[in-house]
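Protein chains in written order, with this note's numbering: chain A, 1 to 115; chain B, 116 to 312; chain C, 313 to 1318.
Rather than coming from a laboratory, the hints here were simulated on the basis of the structure.
A portion of the hints provided could be inaccurate.
Unchecked claim - Covered stretches of chain B, going by a simulated chain A footprint (3 or more residues, C-beta under 8 Å):
id: 1; region: 184-192
id: 2; region: 257-264
Said to hold, decoys possible - Result set (DMTMM-like, lysine to aspartate or glutamate): computed pairs, CA atoms no more than 25 Å apart in a straight line:
id: 3; chain 1: C; residue 1: LYS795; chain 2: A; residue 2: GLU80
id: 4; chain 1: C; residue 1: LYS1219; chain 2: C; residue 2: ASP1233
id: 5; chain 1: C; residue 1: LYS1203; chain 2: A; residue 2: GLU41
id: 6; chain 1: C; residue 1: LYS1203; chain 2: A; residue 2: GLU40
id: 7; chain 1: A; residue 1: LYS12; chain 2: B; residue 2: GLU266
id: 8; chain 1: C; residue 1: LYS1096; chain 2: B; residue 2: GLU118
id: 9; chain 1: C; residue 1: LYS922; chain 2: B; residue 2: GLU132
id: 10; chain 1: A; residue 1: LYS12; chain 2: B; residue 2: ASP253
id: 11; chain 1: C; residue 1: LYS922; chain 2: B; residue 2: GLU266
id: 12; chain 1: C; residue 1: LYS922; chain 2: B; residue 2: ASP137
id: 13; chain 1: A; residue 1: LYS112; chain 2: C; residue 2: GLU1065
id: 14; chain 1: A; residue 1: LYS82; chain 2: B; residue 2: ASP248
id: 15; chain 1: A; residue 1: LYS12; chain 2: C; residue 2: GLU1059
id: 16; chain 1: C; residue 1: LYS795; chain 2: B; residue 2: ASP251
id: 17; chain 1: C; residue 1: LYS748; chain 2: A; residue 2: GLU80
id: 18; chain 1: A; residue 1: LYS12; chain 2: B; residue 2: GLU276
id: 19; chain 1: C; residue 1: LYS1210; chain 2: A; residue 2: GLU40
id: 20; chain 1: C; residue 1: LYS1219; chain 2: A; residue 2: ASP44
id: 21; chain 1: C; residue 1: LYS1157; chain 2: B; residue 2: GLU118
id: 22; chain 1: A; residue 1: LYS12; chain 2: C; residue 2: ASP1100
id: 23; chain 1: B; residue 1: LYS157; chain 2: C; residue 2: ASP1038
id: 24; chain 1: B; residue 1: LYS172; chain 2: C; residue 2: GLU1059
Being a predicted model, the structure only gives us computed values, none of them experimental.
Where is the CB? At the ideal position from N, CA and C, for every residue including glycine.
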Amino acid sequence: MLVVTCPVCGAKGDETDFHYGGQAHIRRPATHDPVNISDEEQRDYLFIRNNPKGLHFERWRCDRGCGKWFHAARDTQSLEFKAFYGIIELPPEELQKEAKGPWADYFKKRAKAKA
Amino acid sequence: MLEARFESALAQRSAPENIYIDMREISERGMIDLRGQTSDRKFTAAARAVLGTDLPKEPRTSATWGDAKILWLSPDQWLITCPRGKAQDLTNALVKELGDTHSLAINVSDMRAIIRLEGEFAREVVMKGSTLDLTDGDYTPGTVRRMRFAEIAALLHIVEEKTIDIYVFRSYAHYAWDFLVKAARKGSEVRLFPNSG
Amino acid sequence: MSGKPYRLSKGGSRIDRSQPISFSFDGKTLSGLAGDTLATAVMASGQKLFGRSFKYHRPRGVVGLGAEEMNALVGVGAGARHEPNLRATQVELYSGLTSISQNRWPSLSFDVGAFNSLFSRFFPGGFYYKTFMWPQAFWKHVYEPFIRRAAGLGKAADERDPDAYEHMHIHADVVVVGGGIAGLTATEAAAVSGARVLLIDENPVLGGIADITAGKAGDSSVADLAKEIAARVAKLPNVHVLTRTTAAGHYHHNYMLAFERVADHDPALLAAGAPRHRLWRIRAGHVILATGALERPIAFANNDRPGIMLAAAARAMVERYGVAPGTSGVVFTNNDDAYLTAFVLKKAGVAVRVVDSRARPEGDLPKLAMADRIEVDAGSVISVVEGSSGVTAVKIAAYRRGQGRVITEKKVACDFVAMSGGFNPVLHLWCHNGGKIRFDDALASFRPHTHGDAITAAGGANGTMSVAETLTEAAAAGEAAAKSVNGKVKASKIKLPKVEEPKRGALETLWFAPATGKYNQGNKHFIDFQNDVTAADLELAQREGYESVEHTKRYTTFGMATDQGKTSNINGLGVLSEATGKPIPEIGITTFRPPYTPYSFGSIAGALTKDLFLPVRRTPIFQWHVDRGAVFEPVGQWRRAYTYPEPGEDKHRSINREILCVRNKVGLLDASTLGKIEIKGPDAAEFLDRMYTNTFSTLKVGKCRYGLMMNELGFLTDDGVTVRLDEDHFLMHTTSGGADRIAAWLEEWLQTEWTQYKVFVTPVTEQWAQFAIAGPRAREVLAKLEPDFHFSNEAFPHMSFKTGKLGGYPVRIFRISFSGEQSYEVATPANLGRGLWDAIMEAGKEFGIAPYGTEALHVLRAEKGYIVIGDETDGTTTPYDVGLDGLVSKKKADFIGKRSLEQAYLKGPNRKQLVGLLTEDPNEVLPDGAYAVRTVKDKPPMEMIGQVTSTYMSPTLNRSIAMALIENGRARMGEVISFPLEGGKVVKAKITGAVFYDKDGGRIHA
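The task is simple: from the sequences and hints, build the whole structure.
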């Protein structure tokens, strides 16, 4: 039974007071360009997910609290939460650097796009 | 035609016996659900103009003005409670004052049932169904928190040190009531941290 | 198996000799004393036999002191209150207690199954796997019943449990498990440092084994020290103490479960309203394990005979209960601690001698024993025990470490043995959530190593055996825990007493005491008493190739069941180590899993039984439905009226009557469960265009529109009518089951994708009681209630909305229909619902109004070909599949699920499509879910081409109707397809359109 803290309202409680919402930072192609989406792009959006052993980024909702969605960085092995951050935010810099595999690629790509 | 006949959620439940706290349904309060953005000064000003006080912005707090209470539900949502007879007028006043401001005020007086628990052990009875630590100093009078209670969603309002209101959706009122009657059964006292005074 | 009584004439710190207590064991009335356990009371009466073993049905007696007891499992309580598999050592005696032994037939002293023992050569490790393999058909009727009858432990009560149970939540900065001197000291240290501390102990009395521990603390005995700390701790405002409570499991983020036996020891508490058991759900900042160490048995031949106990248990029987384990005993040990047992026995007047495997025991206690003229056979072991249902003698043989067999031995008469093979720190809780442990050679056991959680071990649990070191370690652990949770600690510290205790000599590892003859030949050296696993079984498993300890565990069943390896684990590893020549750390250790000891199903269920088992949602009209004799059906957590049979009517007839009443007159439906969500903001219309497949921005104020919702996969998830209350304000209706889900769904998209939208979403389902008044006379009923209201087609056409008053009730009225009839849905605030319902029923009397339930509703809508999400859709159904292409916008650039509908796998041919079905025989109603096949064959497999989604006998059409999803269904109109049913019957049906009644829809607008 994990302890979760909502970064929006500060409520801290058992995971049963929250709702797990799957992987974070998934871009919905149709919001940006509803016309030019390849079948592969749509497939990846719907079905392809990271499954790291270690640092992972996910969505949660303060289901029995303020009702707001937020992000969490969690170690899937130790189950330790490394950070809670806003639903339209990226994780803290140091965690972006710590991320491995597909997550590392993702954050690099985001940084490049921004630059 | 006859006047509309009123029947609260727990009207058919009799007063419980053999329990170690006091417990009753509060059916005389009306409720208004108010949505708006605190960053919108027009919204906060309009709310203040009608309610007579600022909306509480601090999470899990409440504010009182006269016979109305404003309970924080979310950064953009409040539950205003007032005497039932005034709820529709107050809603209308809010809607009028808010005008075109992005907001939503709805009279939801019948959506929830309120169960009031009073007594030395009110907190411990709630803790039989909730993971919250009501013995923690954070839960001072005025504190409001939504929670999972037994198997349902509920809203907790610490009215006074030993008085707690539990708000549940109307359809779950019997379930919540029956759970509380069972949890508060005499002989099942726990007395958490018995020397803490 | 009764002999002389074993109650000593004096002594017994826990018993009250002035309070005799009458109880029964196996139907025999016995007398014990207040403070006794069931184990000590029975033994005091002269009975040593408590049960028979699992596989060989060997007679077994009490071995342990508490939770580690593996033999004396008993059933306690009568009838509905009977609870099996309790450890007699933990059952507190009360007046009128009834108990039975287990695993014997027909009686304890004469057991048919004991013949297993005679043939035990044929019951080696892995016996079950080897013997009951073939033929497979024998499993169900021969092997399994045999195994179940012959083996198995106690029987559960077969009546409903009459008692109450509950859960309780508690949060503590520091949770200390174990109330011995380590736990008490840690508790006090953490508490005076300012932490809120929860102390949990499984025994009725705090103190652990302080009362049977040697040494002095200041001027007090160790026992008195424990009492003093316990008394101080009990007064602290920031300490909560739980006794009779077992910390059963440790989980992520320091979550723990503890099981409190609130009233098991005192039926009067139950009668006064106490729950029988309470499950504590605990959140700890820091956990301190002061769970102590359990003494381990030694594997010597016939080491399972009744009368062979652990040394500390024998000592505690005398000290606490004034019960002697026998008249003449042998203490068999490889360490110093067991000498204390010899002293206690001698002092109590029981004849005793010591067998010590160590050639030169060097501690203070062995020296004291020799000075005290206790006979000690050093460098010796017990090679075999004589006697079958008890101990009559032991043979003592000279021994040196590593020796495989015994050549010479001497026989010594005795009637009990107290054994000690050393101590195992209790690491169960440490390991539950992945704590690492390491082997300690001096201890010859595992100790805590690393852990990912905020958890520490102190005292025996940490392998620390000295009193002085335990106190220092526990105080430090308590302070550190308080500091780690609260950041800083108060300056006050507890003062530790000066401790004097005997100097301990080293323990000598002894996993297996050799017997005469070849390795283990003809004798049983039990490792796991509860599962009847011997040293030879483990050795055999090794030879057969079960090299991994995890495989050995499953093959031999060692370390399983309620024992969970408490006494067997390390000994088993020791035997495996010697058999393989590998050191124990290389053998590995099997995992300890929760719970530490079993806890009751009642406590797991807590208060959530009977009416509270599942939350049941009631509409404001619920009681009316009950009073009217409605049959209910669950819809999500709601209970909805399914139909209202009148006296003499069966359900079928009442449903038909209700349907015809709606078609011909007027019916009233409680539709309060429908989901209702208010959506408001300048972007509300655009937002709804994103959520629905069809367009809502074009909807006019005061009008209603039916909408379809998909998920991102392109599959239908919900439908309902949405009303435009104002330019920027909508009221959405969802399915009854979908209300919460859809409200959360809308919020999710607003918060995570279209964050720029100014839209508020507020669910208001429960604010409203809502009824459908449907049928050709609906308008007349409403007009009678409110003559001034304009209900005409012109003033109030289909798919429009009005607010106003109805018979004095404030209402929202929607002219919408799910029955195909002229229909108005009326909503009034929930607390006025019952009044309005009564008013409508009264007003409708003259028009023949009757309530109709959900089944009539379903038939009415099926006659009209209206889909139900979850019936006509199954989570893989698109709007195209159900023929609602017209509701999927071609103009909107984007809405949820749109792009997925273009994916190749949804566009391909041969999708199943919604069609109507008319059976060839109009009286034949297809079963729900029946499969249509391409070609009927004699037996499966047959190729399936679709399935029935809704099927009814329609009283309106006086024939059966059905809807189905059929491969390419819309291209197959008129085709007759086959539905093979069970028993070889085949039903044929013609594919038609799905609208069976009033195809032009005229009745809705009537």
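Going down the list of hints, with the structure as the test:
1. 184-192: Answer holds; 4 residues pass the 8 Å Cβ test.
2. 257-264: holds (count 4)
3. C:LYS795 to A:GLU80: Holds - the C-alpha atoms of A:GLU80 and C:LYS795 are around 21 Å apart, at most 25 Å.
4. C:LYS1219 to C:ASP1233: violated, 36 Å
5. C:LYS1203 to A:GLU41: Given that 25 Å is the threshold and the Cα spacing comes to 23 Å, the pair holds.
6. C:LYS1203 to A:GLU40: Judged against 25 Å, a Cα distance of about 24 Å means the pair holds.
7. A:LYS12 to B:GLU266: Status holds; Cα separation ~19 Å.
8. C:LYS1096 to B:GLU118: holds, 16 Å
9. C:LYS922 to B:GLU132: With a Cα-Cα distance of about 20 Å, the restraint between C:LYS922 and B:GLU132 holds, given a limit of 25 Å.
10. A:LYS12 to B:ASP253: holds, 12 Å
11. C:LYS922 to B:GLU266: OK: C:LYS922 and B:GLU266 at ~14 Å, within 25 Å.
12. C:LYS922 to B:ASP137: Between C:LYS922 and B:ASP137 the Cα gap is close to 24 Å, so the pair holds against 25 Å.
13. A:LYS112 to C:GLU1065: holds, 22 Å
14. A:LYS82 to B:ASP248: holds, 24 Å
15. A:LYS12 to C:GLU1059: This hinted pair holds, its Cα atoms lying about 21 Å apart.
16. C:LYS795 to B:ASP251: Judged against 25 Å, a Cα distance of about 18 Å means the pair holds.
17. C:LYS748 to A:GLU80: holds, 17 Å
18. A:LYS12 to B:GLU276: holds, 22 Å
19. C:LYS1210 to A:GLU40: holds, 15 Å
20. C:LYS1219 to A:ASP44: holds, 18 Å
21. C:LYS1157 to B:GLU118: holds, 20 Å
22. A:LYS12 to C:ASP1100: Cα-Cα ~55 Å, so violated.
23. B:LYS157 to C:ASP1038: holds, 21 Å
24. B:LYS172 to C:GLU1059: Roughly 21 Å separates the two Cα atoms, so the pair holds.
When the structure is compared with the earlier hints, violations turn up for hints 4, 22 and for no others.
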